[in-house]
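Novice: The lines below spell out each chain.
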Amino acid sequence: MKKVTRLAVSDTERCVGCQLCMFACSRRVNVVGLESSCIKVRSVGGMERGFVVVVCRACPDPPCARVCPTDALKPRPGGGVILNKDLCTGCRKCREACLIGAVFWDESQSKPLICVHCGFCVNFCPHSVLEVEKEEHA
Amino acid sequence: MLKGDPLANVLYVDLTRRQYSVERREDLFRENLGGSGVTIRFLEEECPKGTEPLSPENPIIFAVGPLTALFPLASKTVAMFKSPHTGNLGESHAGGRSAIAIRLAGYGAIVIKGASHSPIYLAIHGNEVFFRDASSLWGMGSCFTVGRIIRENEPGAGVRTIMRIGKAGERRISYASVTTETYRHFGRLGLGAVFGSKNLKAVVVSGSGKVPVKDPGEYRRLYNEIYDACTLSQAMRKYHDLGTSENVLPLNALSALPTRNLLASKLEKAENISGETMTRDYLGRRLACSHCPVGCIHIAALREPYQDEPFFYKTSMISYDYEPIYALGTLLGITEPSAFLKLMNRVEAYGLDAMSTGVVMAWATEAFQGGLISEKETQGVHFDWGNYQEYIKGVEKLVSGEGEFYQALGKGVGEASRIYGGEEFALNFAGNEMAGYHTGPGAHLGLLVGARHSHLDNAGYSIDQKFTPETLPSPEKLAEMILKEEEWRQVLSSLVLCFFARGIYNPEVVQRTLSCAGFELSEGDLHQLGRTIHREKYRFKEREGFSLERLSLPQRVYQTPTPLGEIKEGYVREFLMHFSLKVKEGS
Numbered sequence: 260m261k262k263v264t265r266l267a268v269s270d271t272e273r274c275v276g277c278q279l280c281m282f283a284c285s286r287r288v289n290v291v292g293l294e295s296s297c298i299k300v301r302s303v304g305g306m307e308r309g310f311v312v313v314v315c316r317a318c319p320d321p322p323c324a325r326v327c328p329t330d331a332l333k334p335r336p337g338g339g340v341i342l343n344k345d346l347c348t349g350c351r352k353c354r355e356a357c358l359i360g361a362v363f364w365d366e367s368q369s370k371p372l373i374c375v376h377c378g379f380c381v382n383f384c385p386h387s388v389l390e391v392e393k394e395e396h397a
Numbered sequence: 006m007l008k009g010d011p012l013a014n015v016l017y018v019d020l021t022r023r024q025y026s027v028e029r030r031e032d033l034f035r036e037n038l039g040g041s042g043v044t045i046r047f048l049e050e051e052c053p054k055g056t057e058p059l060s061p062e063n064p065i066i067f068a069v070g071p072l073t074a075l076f077p078l079a080s081k082t083v084a085m086f087k088s089p090h091t092g093n094l095g096e097s098h099a100g101g102r103s104a105i106a107i108r109l110a111g112y113g114a115i116v117i118k119g120a121s122h123s124p125i126y127l128a129i130h131g132n133e134v135f136f137r138d139a140s141s142l143w144g145m146g147s148c149f150t151v152g153r154i155i156r157e158n159e160p161g162a163g164v165r166t167i168m169r170i171g172k173a174g175e176r177r178i179s180y181a182s183v184t185t186e187t188y189r190h191f192g193r194l195g196l197g198a199v200f201g202s203k204n205l206k207a208v209v210v211s212g213s214g215k216v217p218v219k220d221p222g223e224y225r226r227l228y229n230e231i232y233d234a235c236t237l238s239q240a241m242r243k244y245h246d247l248g249t250s251e252n253v254l255p256l257n258a259l260s261a262l263p264t265r266n267l268l269a270s271k272l273e274k275a276e277n278i279s280g281e282t283m284t285r286d287y288l289g290r291r292l293a294c295s296h297c298p299v300g301c302i303h304i305a306a307l308r309e310p311y312q313d314e315p316f317f318y319k320t321s322m323i324s325y326d327y328e329p330i331y332a333l334g335t336l337l338g339i340t341e342p343s344a345f346l347k348l349m350n351r352v353e354a355y356g357l358d359a360m361s362t363g364v365v366m367a368w369a370t371e372a373f374q375g376g377l378i379s380e381k382e383t384q385g386v387h388f389d390w391g392n393y394q395e396y397i398k399g400v401e402k403l404v405s406g407e408g409e410f411y412q413a414l415g416k417g418v419g420e421a422s423r424i425y426g427g428e429e430f431a432l433n434f435a436g437n438e439m440a441g442y443h444t445g446p447g448a449h450l451g452l453l454v455g456a457r458h459s460h461l462d463n464a465g466y467s468i469d470q471k472f473t474p475e476t477l478p479s480p481e482k483l484a485e486m487i488l489k490e491e492e493w494r495q496v497l498s499s500l501v502l503c504f505f506a507r508g509i510y511n512p513e514v515v516q517r518t519l520s521c522a523g524f525e526l527s528e529g530d531l532h533q534l535g536r537t538i539h540r541e542k543y544r545f546k547e548r549e550g551f552s553l554e555r556l557s558l559p560q561r562v563y564q565t566p567t568p569l570g571e572i573k574e575g576y577v578r579e580f581l582m583h584f585s586l587k588v589k590e591g592s
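Those protein sequence lines, which keep their order, are chains A and B.
Counting in the working numbering, the first sequence runs from 260 upward without gaps.
Counting in the working numbering, the second sequence runs from 6 upward without gaps.
For the record, the hints were derived by calculation from the structure and aren't laboratory data.
These figures come from a predicted structure and were not determined experimentally.
Virtual Cβ for every residue (Gly too), placed ideally from N, Cα, C.
A few of these clues could be false.
Below, in silico cross-link-like pairs of lysine-lysine (BS3-like), each with a Cα-Cα straight-line distance of 25 Å or less [as the list claims (entries may be wrong)]:
1) 482(B) <-> 416(B)
2) 573(B) <-> 370(A)
3) 573(B) <-> 587(B)
4) 54(B) <-> 118(B)
5) 587(B) <-> 471(B)
6) 344(A) <-> 573(B)
Here's a subset of chain B near chain A, in silico, CB distances under 7 Å, partners left out [said to hold, decoys possible]:
7) 55
8) 75
9) 186
10) 295
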């Protein structure tokens, strides 16, 4: 049995929109800024109504992987997908297939940015909006 | 600075010709860091002596700093322009998403010149700049609606700023603000009117790029240290719990809470409008600026029934802070939170500076009650302490500019009292309206001599609270303390650090963060830079006719005792003399 971690949004109503998670996600891969972020916080439609936290929800049967013509995206044990950049042609079908908009895009490389559910961003969420779930997997 | 840092990219926009260009200005950023330091240099370049503030020649300069996007709380944008309110140096700071958006769109500064012949808004998405028609937004009743429409028509949700003006800016009220992200403001000194004079309804900037860093390992270590200091220590507690409205009760207990145009400094029923009451009964949501874990922005939810139909309600989300509670609450004798919130909501919809508006209304009330003006001037508005409906009517007429009286009000309390009298109780500080502290001489003199005439220039109110009537510092000592604080704050505002984080970003931390951004400065260098920037601002002010020798405080300030006793005219004169000498010494 292997422990698999999964990023989850526990309560968007607690989100103040600070976007520290977005900065953390890029910083994880040594990028300062937002260019490599796989998580996005935006207002619901005006900050008075609160925020939407857009991040991969680790679908058990991910549509992004299903539409990938080159098998660059493979389902990940515990949900979500793993990207093999070498196989990716940058066709953007995965981006279109994700209803929640959680496939972000690296324009410079023309490849998707895919959340790896590492939970690094959780360490920088000051208001417990994000959490890491752990699951046993064979 | 690091090679290729987009910080040195300056976007120059000409609204008249609808053209733009980008120039590298490493010279300015290397020497002056960013924010206040570079904007004053741009102002010297772009704003010739005697420029008319509402003419196309007046530049609008926005700048961010080297720490923006690298470290938390470097989240302010500094705007500089010639102020239509004071006719002199205009500088205003705002947060929201503005700083991050500008930096990650690939710029350190944006310089806007000229004027459009018809209403437009500017959309800056990374390296693309669009001049969009805004004729259908012009004249719209609410700033909130303008924000919503632009939001729906532009890309970049989550990584953009929408700076816009309301009717007050269009009508060139000299203290019209620019609102960003609904609840943050370039509040003071009339940037909104400068936008209006250029037919510029809004500026949208979006960006999600990256910036270089020197030593990634040290950078991450330092980031974590600062993050912990912001979230685990007590340093920021005041700002995230009750927010700045926490000040109401302590100031009232000290008898330092300006009440009814400073006729008093203690408000009966202050607990009604305190941070504690606002939190308990109204706090609906808290918000943060981009890259700030604190979340100091407090939004009240006001639920109101419709009068004409039962079972019909509306809920408005209205921001509150200490300063608006002071200006649109205690200074007008308003102690009912819902009354304050309704007035605040209107002021926000019009895009007026809340502080100046409150002071202007407070003067009008005293002038009306004292017979200097009558219903003829007020056009039937009965200004009366605590009567928010009348204040809302007054604000409506002020924005519409109906008649000479309201046109004078639209130029500030200085102009109104010059025409109608009552200068002795006009809370006018070198052309700007008073802030919410009657703590002692530091608060008032700090406002008077501060380069922006803002309480945040040097926090004189905070200096006051370190003393008792027995230990009151000498005028010379006070001058020294105020100047020293204002000089250091030039460094902070050049790094566009939020002043709320000043306890975390001490000189040592500032040095280390700057090193990550490729700036090696000693503590001595930083202090010298602060002094230099301050003197540059003063040089500009003096060039435009400002003179410390001619300054005076309104009589009312002397009449109402402070916690440090009555302020004495002799003390003020001596302070100004010493301050003037010290400014010259360091020039």
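Novice: Please go over all the hints and tell whether each is borne out by the structure.
Specialist: Going down the list of hints, with the structure as the test:
1. 482(B) <-> 416(B): 35 Å, violated
2. 573(B) <-> 370(A): Measuring from Cα to Cα gives roughly 70 Å; hence the hint is violated.
3. 573(B) <-> 587(B): 21 Å, holds
4. 54(B) <-> 118(B): Within the cut-off at roughly 16 Å; holds.
5. 587(B) <-> 471(B): 22 Å, holds
6. 344(A) <-> 573(B): 74 Å, violated
7. 55: With a closest approach of 41 Å, the residue 55(B) hint is violated.
8. 75: Since chain A brings a Cβ to about 6 Å from residue 75(B), closer than 7 Å, the hint holds.
9. 186: Where the cut-off is 7 Å and the nearest Cβ of chain A is about 6 Å from residue 186(B), the hint holds.
10. 295: 5 Å, holds
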